[in-house]
Each structure stands twice: as structure tokens, then as C-alpha cells.
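Asker: The residues making up each chain are set out below.
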Amino acid sequence: MVAFRNSDSSGRTTGLLLRCVLYSLLALGLIIVDKHYDHLGKIRRLLSIAAYPVQVAVESPFEGWNWFRQSVTSRDVLRADNAKLQAELRLAQFRLQRYEALEAETQRLRALRDNTAGVSNRFIVGDIMDVDLDAFRARVLVDKGASDGVFVGQAVLDSGGVFGQVARVEQLTSEVILISDPTHAIPVQINRNGLRTIAVGTGDSSRLKLPYLPTSADVIAGDLLVTSGLGGVFPPGYPVGTVAEVKRDPAQSLADVDIRPAASLDRSRELMFVWVKPGAVLPVAASAKAPAPAAPTPAPAPAPATGTAAAASPSAPKSPPPPAGANDE
Amino acid sequence: MMRDERISRTPMLLSAVVALALAVIPLPSALDALRPDFLVLVVFYWSIESPRAGGLTLAFFAGIALDVIKGVVLGQHALALTLMAAWATYLRLRLRVFSVLSQSLTIFAFLTGYQFILFWVDGATGNPVTSFSRWLAPVIGAAIWPFLASTLGRLHGQR
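Taken in order, these protein sequences are the chains called A and B. Per the working numbering, the first sequence starts with residue 1, numbered consecutively. Per the working numbering, the second sequence starts with residue 1, numbered consecutively.
If you are wondering where the hints come from, they were derived from the structure by calculation, not from laboratory data. Treat the numbers as computed from the prediction; the structure is a model and nothing was measured. For glycine and all other residues, C-beta sits at the position ideal for the given N, C-alpha and C.
Derived Cβ-Cβ restraints for the label pairs, each shown as a range:
#1 Q97(A) / F132(B): 52 to 58 Å
#2 G113(B) / S60(A): 34 to 40 Å
#3 I140(B) / R69(A): 30 to 36 Å
Straight-line C-alpha distance at most 20 Å; calculated SDA-like pairs for lysine to any residue:
#4 K70(B) / L31(B)
#5 K42(A) / F61(B)
#6 K70(B) / S60(A)
#7 K209(A) / D249(A)
#8 K70(B) / D32(B)
#9 K209(A) / N193(A)
#10 K70(B) / L46(A)
#11 K35(A) / T125(B)
#12 K70(B) / V56(A)
#13 K70(B) / A57(A)
#14 K35(A) / L47(A)
#15 K70(B) / G153(A)
#16 K70(B) / R134(B)
#17 K70(B) / W135(B)
#18 K70(B) / I128(A)
#19 K70(B) / S133(B)
#20 K35(A) / I117(B)
#21 K247(A) / A221(A)
#22 K70(B) / V129(B)
#23 K70(B) / R139(A)
#24 K42(A) / F151(A)
#25 K35(A) / G123(B)
#26 K70(B) / Y52(A)
#27 K70(B) / G41(A)
#28 K35(A) / V129(B)
#29 K35(A) / N127(B)
#30 K247(A) / V200(A)
#31 K70(B) / L28(A)
#32 K209(A) / A255(A)
#33 K70(B) / F151(A)
#34 K209(A) / Q252(A)
#35 K70(B) / A51(A)
#36 K84(A) / S159(A)
#37 K35(A) / D122(B)
#38 K70(B) / I49(A)
#39 K247(A) / D258(A)
#40 K42(A) / Q171(A)
Let's have the full structure, built from the sequences with the hints guiding it.
Answerer: Structure follows, in C-alpha cells:
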């Protein structure tokens, strides 16, 4: 330590400068190549396999504590849980009977309209890993990756509704961007009257907003918003959120609408990755481009609604940050 | 590359792996923005204390590890860490005789420079993070520097 404290020479400084320039150029080159070309995907995946043990090691104490807490749960708690779950299951089965009837009816109606069937029901369930990514972006790491068939742009749901979409895929993990991320937008439809618009994230996981609705739009607090299927990323008909508050300022041309997300964005642990049949979305998108009398919306939308939909749909393809065509895996 | 047989790299690599784990350990989201850049501080420490053990190489690869783990553009943290670690290595003889306060202030300057390069690359690659809270990390980092340096110093002394 002390031995080389004074052994610094100008030669060492030159060496330092040389290495600094070398590494900086290497890093700059990586940035440029990673930004403009797609060649680094494989390298990044290999590196992420090397990083996986660190992430698992960080996660394991929390996993262990959860396991411990689950193992020592008392019998009473288990019995109460069991009773509650059975009650919920009965209710769910009761609803499911109706769902199957409705599904059959929808199939018949769609067949009448010469459209293909609805959403594919292929999905896998992934767990959110207890790992923090960038503090300034609403993203989570999930333990399913390219080896499970996950692809960039895939829709991700939780038990309440739409959660987000896959932003990046590694070999064993994938990164999901939440619908509350400020750079994320999702095409939605008001369930009550079929009014189409875009819901944009705010960075706050308990709030989305609808920035493109005119003050005259037919939207009231409590309206359910579902995915419209435009843009081809999210399957149509899944709940996105409910309207929490509508602020109409007569001096402004656009209303200020707050949405409470249906998915528990800050509490969910299990997520569903969904595969959408490509044919399921196109007919809806086609009918959206021609707001003909045969529009599929159940209730007649008021005049400004059609205008909004027309104004909103061009921005729909650019709304999801990763391009929908990038699902090569 | 000059190699000194007397310098053991074990404490260096060990502290880097621990710091990498601390960088991803889950925190409540309110505290997340306050998380100090442990790995950056560790790299600075080894750049100042024993640059011959490969401070810049450590800086570059630690940066690549951060890029992969945080999922940002590859090379961003590597560039910032390399430049700042080179600066720290260049100033190390002066830094070693500084008082604790002056050392912390210099570390603050390094961390601010580091955040600035990250900020710049973020902007240049088209996903700017304009949140003000990213500038809190240098303050926190400078505040914990004395503790971190003395902890690592103890680890270092026992080699």
C-alpha cells in the first residue's frame, strides 16, 4: 500500500489516459451499436444469464421469509382461508356458467358478422421477481423469458385487468412496462357507450389519464374502460380501469379524466402473459377505420365520440413503446 | 497491463458483487430514488486506493453489469463509470490526504458527473428521465462515503 504511494510517474498517467480513452470509446461504441442495430440482443441475453444468479440471490431471502411465514401459518388462518376460497370458487363457478353461455352466444354473433373468434386462451403465469429496476420507470422483472416463448410487445394481465406489456425479453426473465409508465399508452373503449380513446400512464401506479377526450365527450365517473383491441397489442375486452373523476373546464377543449387502474399495479405478484390470435384483432381495427352504420359499438355514440375515435386511432399504432412488429421470437 | 503480485483482488471483487446485489435489492418505492449508487462508490474506492489492481477494468465491467441489470442501453453506465473512475484515479494522491469532508465533497462531484453522463446518454438515446429526484443520489452517496470507505478500508487491511 505505502510502497507504491509515491511511485507514480508520468508514464502511469499516460497509461491511465490511454486506458480511459480505450474503455470510453468501447462504451460509446456499445451505446451506438445497441441503439441503432439489433446485433447486441444475443450478447445481452448471455450477459443477463450471468446476472441471473445475483438477482436470484437478492430475491432468495425475501422468498425464504415468505416461505417461512407460509409454513408457520396457523391452522385457524388456513381454515378461514379455505372457507373463503371455497365461497369464492362457488361464486366464480356460478359466473363461469353464465360466461360459457355468453361465450357461445358471442361466437354465434361473430360468425354472423363473418369475424373470427375472440381472444386465444393460451397464456402462461409468471411471478414478479423481488428486484428493483430503474427507480424512475414503472417496470418490473418477471421470471419468464424467451425460453418460455415470451415476446416483445406481448400483453400482460393480472387478476384484475390489464397490467402492461413486455418491453424486453431475456433468456430467463423479461421486463414488463406497466400501463402506468408515463411513456405508455393503451387504446381503450368505454364499456357503456363504446367511445374509443387512449389511456396514458402518469407515473403514479394508482392513476391513469385520458388526455384526448373533448369536454363534450360522454364520460362519467364510474364508467368501466376496456381494451379496444386497436393497435394489435392488447386483446380486446379486458378491463383497464374505472373513471375516477372527470374535470370539465369550459375554457379548455379537452376534458381532464382520471382513471383508477383495474389491475393492482403495485400489489400483484402473479402475471399472465397472453397470446392473441392475430385474426382476432384485425376485424375490429378495420371496422374502426370506417365508422359506418354497421359499427360494432352497442350504443349509438354521440357525434364528438366518432371525431375523437378518428382523431385517436392514428396515434394508436405509435402508442405502445416497443413496435408491435418486433415480436420475432 | 501492470500487475502487482502483492495486491489481492478478492476483496475488490467481493465488494463489487455485494454492491451489485445492493443495487437491485428491493426497497419501498418511496425510498427507491434515495438509494445510493453503491457499486459506483465501491469502484471509486478501489480506483483511489489501489488503481493497480485494475480500477478502470473493474469500472468498465461493473458498468456493463449495471447496464444489463437495469435494462438500459448497453454501455451507458460503463461509459459514465469509466470516465469518473479515471478522474478519481488521476486525483487519488491528493484524495488520500484530504480530510473526510473534502473527500466527501470530491465524491459528490464525481457522482454528479456520473449522473450527468447517464442523463446525457438517456437524452441522446431518446428516453429522457427528467425527474428531479435522480440528482438526490449524489447527495446520499457523498453522505455515506465516509462509512463505506472505512468499512472497505477494514476489509482491505485484513488481506
